[in-house]
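Visitor: Protein sequences appear in the order of chains A and B. Numbering-wise, the first sequence is residues 1 to 755 according to UniProt numbering. Numbering-wise, the second sequence is residues 1 to 288 according to UniProt numbering.
A hint or two may mislead.
Under the rule of at most 20 Å between Cα atoms (straight-line distance), these lysine to any residue pairs were calculated in the SDA-like manner [stated by the list, open to error]:
#1 399/A / 429/A
#2 752/A / 262/B
#3 628/A / 692/A
#4 42/B / 280/A
#5 628/A / 429/A
#6 298/A / 176/A
#7 736/A / 747/A
#8 341/A / 385/A
#9 42/B / 114/A
#10 42/B / 678/A
#11 753/A / 244/B
#12 566/A / 541/A
#13 628/A / 247/B
#14 753/A / 247/B
#15 42/B / 281/A
#16 42/B / 572/A
#17 148/A / 134/A
#18 81/A / 154/A
#19 462/A / 602/A
#20 341/A / 184/A
#21 81/A / 105/A
#22 341/A / 177/A
#23 42/B / 115/A
#24 157/A / 174/A
#25 566/A / 544/A
#26 298/A / 228/A
#27 42/B / 113/A
#28 462/A / 572/A
#29 42/B / 107/A
#30 753/A / 262/B
#31 462/A / 540/A
#32 42/B / 283/A
#33 42/B / 154/A
#34 462/A / 497/A
#35 42/B / 105/A
#36 736/A / 665/A
#37 157/A / 145/A
#38 602/A / 412/A
Simulated from the structure, these hints should not be mistaken for laboratory data. Please read these numbers as outputs of a predicted model, since none were measured by experiment.
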Amino acid sequence: MSAAERPDRVDFLDKVTGRAAFISDLDVPGMVHGKVLRSTMPHARITGIDIDAALSMPGVIGIVTGSDLGGIDPIWGVSLKDRPLIAIDRVRYVGEPVAVVVAETEALAEEALDAVMVDYDPLPYVTEAAEALAPNAPLIHDGVQPLKDFYFKGEAKPVAGTNIFQTYAYETGDVDAAFASADRVFEDSFDFPMVYHYAMEPHCGIASFGDDGLTVWSCGQAPTAVQKVLSRIFDLPIARVRVITPLIGGGFGGKASVKIDPLVATVAWKIGRPVRICFSASESMLTARRLSATVNLKTAVSADGMLQAKSVEVLMNGGAYADTGPAVAIKAAIRAIGPYKIPNLRLRSTAVYTNTVPGAAFRSIGGPQGVWATESQMDIIADALGIDPVELRYRNMLKRGEHVRPDLTPIDVDMAEAMGLASQAMSRLDAQEPHRRIVHGTALGIADPANSPVAGVLLRLKIDGSIAVISSSIEVGQGIREVLCRVAAEQLGQPVAAVSALTPDTAIAPFDWGTGASRSSLMMALAIEDAAADIKAQIGDIAASTLGLDPARIELVAGGFTADDKRYSFADLLHPYFGIDSGELIGIGRISPRSRGGALAKAPLFWETAAGRCGITLDEDTGEIAVKRYVSVADIGRAINRTGAEGQDEGAAIMGLGHALFEELIYADGQPVNGTMIDYHVPTIDDVPAQFETVLIENGGGPGPGGMRGMGEGAILPIAPAIANALATGFGIRVKQLPLTPERVWRALQDKKDR
Amino acid sequence: MRLAPFQLHRPTELHAALALRAQFGDDSAYYAGGTELLLALKARVLRYEHLIDLKRIVGFDRLARDGNDLVIGPLVTHLRLATDPLIRESLPAYARLSDNVGNIRVRASGTLAGNLCFSEPHADPPALLCLLGASVTVHGPNGERSVPMAEFILGPFTTARADDEILTAIRIPLPTAGEQFCYRSFGHLEYPAVGVAAAYQSQAGAPRYRVWIGCIGDNPIHAEPVEAALAGVPPQALSDVLPQAAEAMAAELPATDDIYGSADYKRHLAAVFIGRAVLESAGMPGGR
Ligand SMILES: Cc1cc2nc3c(=O)[nH]c(=O)nc-3n(C[C@H](O)[C@H](O)[C@H](O)COP(=O)(O)OP(=O)(O)OC[C@H]3O[C@@H](n4cnc5c(N)ncnc54)[C@H](O)[C@@H]3O)c2cc1C
Chain A
1 MSAAERPDRV DFLDKVTGRA AFISDLDVPG MVHGKVLRST MPHARITGID
51 IDAALSMPGV IGIVTGSDLG GIDPIWGVSL KDRPLIAIDR VRYVGEPVAV
101 VVAETEALAE EALDAVMVDY DPLPYVTEAA EALAPNAPLI HDGVQPLKDF
151 YFKGEAKPVA GTNIFQTYAY ETGDVDAAFA SADRVFEDSF DFPMVYHYAM
201 EPHCGIASFG DDGLTVWSCG QAPTAVQKVL SRIFDLPIAR VRVITPLIGG
251 GFGGKASVKI DPLVATVAWK IGRPVRICFS ASESMLTARR LSATVNLKTA
301 VSADGMLQAK SVEVLMNGGA YADTGPAVAI KAAIRAIGPY KIPNLRLRST
351 AVYTNTVPGA AFRSIGGPQG VWATESQMDI IADALGIDPV ELRYRNMLKR
401 GEHVRPDLTP IDVDMAEAMG LASQAMSRLD AQEPHRRIVH GTALGIADPA
451 NSPVAGVLLR LKIDGSIAVI SSSIEVGQGI REVLCRVAAE QLGQPVAAVS
501 ALTPDTAIAP FDWGTGASRS SLMMALAIED AAADIKAQIG DIAASTLGLD
551 PARIELVAGG FTADDKRYSF ADLLHPYFGI DSGELIGIGR ISPRSRGGAL
601 AKAPLFWETA AGRCGITLDE DTGEIAVKRY VSVADIGRAI NRTGAEGQDE
651 GAAIMGLGHA LFEELIYADG QPVNGTMIDY HVPTIDDVPA QFETVLIENG
701 GGPGPGGMRG MGEGAILPIA PAIANALATG FGIRVKQLPL TPERVWRALQ
751 DKKDR
Chain B
1 MRLAPFQLHR PTELHAALAL RAQFGDDSAY YAGGTELLLA LKARVLRYEH
51 LIDLKRIVGF DRLARDGNDL VIGPLVTHLR LATDPLIRES LPAYARLSDN
101 VGNIRVRASG TLAGNLCFSE PHADPPALLC LLGASVTVHG PNGERSVPMA
151 EFILGPFTTA RADDEILTAI RIPLPTAGEQ FCYRSFGHLE YPAVGVAAAY
201 QSQAGAPRYR VWIGCIGDNP IHAEPVEAAL AGVPPQALSD VLPQAAEAMA
251 AELPATDDIY GSADYKRHLA AVFIGRAVLE SAGMPGGR
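Pulled out of the complex, with its shape left as it was, chain A reads as follows (with noise of 0.2 Å):
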């Protein structure tokens, strides 16, 4: 194909013909299937299951429980070891893993479930964090032990003897006498519910015991955290354990860290044959979701509206099982910062076990939880000191350079830049369709990405001059083989149609800690760049050696290289070196804390950032919200792939819509009620604002090739409080619990005329 003809991504043409290979299309010889019996109790003992008709319908080879984990570890974790591989006598949730039916076809499998017949013996149970909380509460877990430097750097710090599994807290200055002295202190309390990624893939696997040892086709997003886990719980060496990941249909953090792979691979072993499990959407509701949080804020303010300390305080509801959950809660604390000059600060963060579906990691960790709190609390105390809130934000904005917390590298971006381009693309569309009555809300969010600078990459340089790009980084639909084909076009000055990037397989590519926080591009355009380093090096020794050039001359172009005016193909090259017309160069990219100097090592390597701004209209009758136009600004260095670049950013904000409008998980009676997508509203097209604008800010800067910056994570940030602080500019009412429906937002408009 030649380079006209090629699509924006590598992927696009397979995807648009339905071609592309997702796990659940993977058939793996001899391969069986199972399917999951979930508990129907929020907490209970398991007093027995009984299997035996379920074992005599046709097809069912076998059913694993709790029972059946003799000879592994039955306990995984990746923050805390606190998790059961399936149920074991006691069930924690709703939707938790009790049975697994397996069968020579899923249908079949399916069919049995019902005949197992599980015994609860009920115990008391919490769904709110604060019910948690309470010196009462039943106790949800007897004990856990934290993984020191397991996944995340650092440990988790669980309270014995109660259901909190996580604490944290951070102080700067004098928060106290601040509070003593300042001319207002304003204190607000904000609710964000726990909201489901929706992947438009359930979670599916593959699992396969073989003399090679595990094989897993997974979902997961970080494929060497699943290798780990694995190993760990099977007693296998970490070579012997192999993940594949194919083409999955989205993550957003869902199938972040280890989820399915486990469970799926425990079946395989106990089965004895290769097992597929792949999961409806309803089950992958009851797999993971958003942490919910309660964020109660203290802010002392001068006269002038200037920032003088702040205390953030976060109450997380975890779930069933900690998970990433512990990161969570202090990126929560963190997130709630702002991109201001806060001379005395206070984070405390305190996540706890409760008997709902896992808590976990989900785009922007913690950040949407903590900037709908801030952003929401900037206007109220704009409005109470009657200043306007763009111009408060300004007035306590950081300059580039300048330190959100001591101990954290400074901002490196300009974010008064990205508010301004906010309001000018606002006033553009305005203009657009100038009579009518639209209402303005603005909010900013910054993010300290968690960018573990521990990649890998190969380069794989074939003797026509085609390029394998071999790495762990997992295509989720964001486009990372694009940029990867990009980078390693661009590294070698080769067109970019003779690169493709390989399936993820960890018997081949490099360590890599995994496909999130906004970290795939820029690590891997690192380690590319280093590879290309290692190449262009090997090209330079054995044209020197072979052909007798100055490697200083050697010039990289498409198809081989120039020196001294001549040009030569890399077969001019390598096959005089290797004495056949055949062959390849391999270049290794490794990215360690240790890279650059050091420099990578620095927390956080950079700053995502976004600026968004809203124009609402509101029934005031109903208290529905239209959202008629949106401006989501960030500065994300460089793009590397534009339109792939401005389809993060819009997918990140349209999501953060369904955060701030519909989506919300409800339990009632320890029952979740409205785990189906009939009963779960998420954003579709017919929601998205009718005018739409993405800004990206490409000024450099970046710690990546060309001062790009990790992006795709940022636009889900502001826009939630950017809605409520448009409710509260045009209508006179503040809502601090999402998501803003209809009904809690004409409630807010009875009370307030009811004041």
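Given the structure of chain A, go ahead and fit chain B with the ligand onto it with the hints provided.
Guide: Only chain B with the ligand this time, still in chain A's reference frame:
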């Protein structure tokens, strides 16, 4: 979950379908678009050994004018009702209702007959059909009978149709000239929380309004007190009477707290949409 195994029967005429139902009894159910039936079977809240598919029955897709009636066969989908020129011209309010049902997949396979037989209390069609004076024809082993729409829906998921009867037609009398209709619904979930159907007729000197309220009660509610309060009020004067009448009516509605909203909010919505639907039917602004 997926469907439990079942046997599919595809009769091509009504009596064959009735005979299959007689043969298999309660182990069988009629199957039209499947948008409700298949979901219920997948969720395993219903289970049948035999499905009697109505989609091949000759003539069941009829959508025609029959004298002064519109006749809607049991295979006519919401999408057809939204787009067919006959409906768009003679009953534009009904076409608009159909265009708002669920999403395009539901409209393209879901039938009006299936909607009525399923009798989900939050369905859109019943309120407007009651207002239009529609009736349904059902066919059972003992022949055919006709049931006025207002008597067909008995409550959530229960209708006047006997389990073995097939709904063979929905008949809507064509409105007289000068009568204008409107249906308005509102909700933030897949189904509406409230729906209101209103009609306005400009009889010389004596304007007449009719109102039915859907989704809030177990079956459509005839808002007779509103009609009485508005009788004779010219459209221009509605604003003096309508808000009070709508609120008084709404206060009496049997709303309960559920995921669609709290009872007081739903009553308020009913008042709002009684107002909007009446104003819009009378061609007045304010019916946004
Ligand atoms: C996601 C979603 C959103 C929806 N949103 C809305 C909405 O906004 N407003 C609204 O009003 N509705 C809504 N619906 C309901 C939709 O209108 C109905 O699902 C559809 O019209 C049912 O028709 P069907 O042909 O698919 O019925 P089926 O599913 O085939 O049948 C439904 C029931 O009726 C019986 N049945 C069907 N036809 C006959 C017949 N001719 N005689 C006797 N029995 C029969 C079946 O046995 C079954 O019990 C929604 C549905 C879904 C799934």
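Visitor: Quick one: which hint numbers does this structure break? Sort them smallest to largest.
Guide: As far as the earlier hints go, 1, 13, 16, 17, 19, 21, 24, 26, 33 are violated by this structure, in ascending order.
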